[in-house]
Amino acid sequence: MPGSIVDIHPHIISDDEGRYPPAPLFGKRSDWSKQRPTTVETLIAAMDAAGVGKAAVVHSSTTYGFDNRYVAESCARYPGRLVAVGSVDVLQPDAPQRIQEWVEQGLEGLRLFTGGSTKEFDPSELDDPRAFPAWELCADLGLPMCIQTGPVGIPQVRALAQRFPRVPIVLDHLARPDVTDGPPYAKSQSLFELAEYENIFLKLTPRIFGDVRKDAASAETFFPRVVEAFGAQRMAWGSNFPTSSGTLQEILATAQSGLQCLNAADRAWIFGKTALKLYPALHSHGAKAA
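The numbering of the sequence shown is my numbering, which starts it at 541 and goes up by one.
One or more of the hints may lead you astray.
The following label-pair restraints were derived from C-beta to C-beta distances [what the hints assert, rightly or not]: (1) R617 to P820: 14 to 24 Å; (2) D721 to G771: 20 to 30 Å; (3) D662 to E733: 35 to 45 Å; (4) G771 to G567: 10 to 20 Å.
In case anyone wonders, no lab produced these hints; they're calculated from the structure. The beta-carbon is built from N, C-alpha and C at its ideal position, and this holds for glycine as well.
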């Protein structure tokens with residue numbers, strides 16, 4: 541049913557730069573955040589139009605750096621419908637204290653942005669020992685950690701999964717595998733080798749739904765292969781709205797079409813049940829704020 545759909549990767553941008561001044565990570569603001577800004581009110585309206593019931597909203601590092609106020613304060617207005625996923629500089633000595641403070645303000649998950657729209661990937665911070673106290677706190681608090689990286693960062697992801705087995709690690713965009721060779725997807729072997737680590741989860745976003753249409757790849761051969769390796773219980777849909785172009789309704793329709801090759805039980809996990817496992821605060825039924 542539409543109301544059971546959960547999105548674990550939309551973004552929001554305030555229209556009040558006086559209260560929430562941009563201070564992008566790496567010093568360069570993302571183009572999408574300027575061209576397609578989306579307030580929390582806009583997101584809620586888009587969710588209503590698309591039939592998306594709940595969302596884990598991901599802080600925009602390329603707009604606000606480590607200032608999570610907008611995502612935290614906005615999601616707090618919609619308890620039970622939205623939860624906030626924020627960012628902290630895990631290399632700083634006070635990272636555990638910062639994480640604790642943000643959790644007290646409502647963060648239900650964290651994200652490491654090692655590159656992407658404004659910078660080449662640098663996975664060196666992932667296995668930097670200075671970050672380990674932050675990871676240990678995440679294990680104690682049960683906080684999922686999303687990681688934005690590419691294939692270059694998979695060795696570090698593997699090491700983290702081994703070192704911190706109690707931390708759910710969610711790979712944004714499946715760590716951007718190269719699927720163009722088609723089955724058996726040898727170019728994506730490093731991704732499939734992560735399947736043995738039960739704390740690794742995959743976030744399916746518009747990027748992969750576009751990539752499976754290229755060259756020798758296809759949705760019908762790739763997604764069943766991923767389910768076979770990881771299980772649908774470790775896969776979740778994320779819209780990347782409004783970073784990815786199109787309405788939320790269009791983005792969801794593309795994902796639903798791409799996953800028609802899976803059975804209904806697997807799709808139920810990917811479009812909702814896995815997200816609720818990662819972010820149990822979404823189970824609550826708080827009243828929608830005005």
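These are the hints, each one checked on the structure:
1. R617 to P820: 14 to 24 Å: holds, 20 Å
2. D721 to G771: 20 to 30 Å: holds, 24 Å
3. D662 to E733: 35 to 45 Å: Since the Cβ atoms of D662 and E733 sit about 22 Å apart, the hinted range of 35 to 45 Å is violated.
4. G771 to G567: 10 to 20 Å: violated, 40 Å
Taken one by one, the earlier hints fail for this structure at numbers 3 and 4, listed in ascending order.
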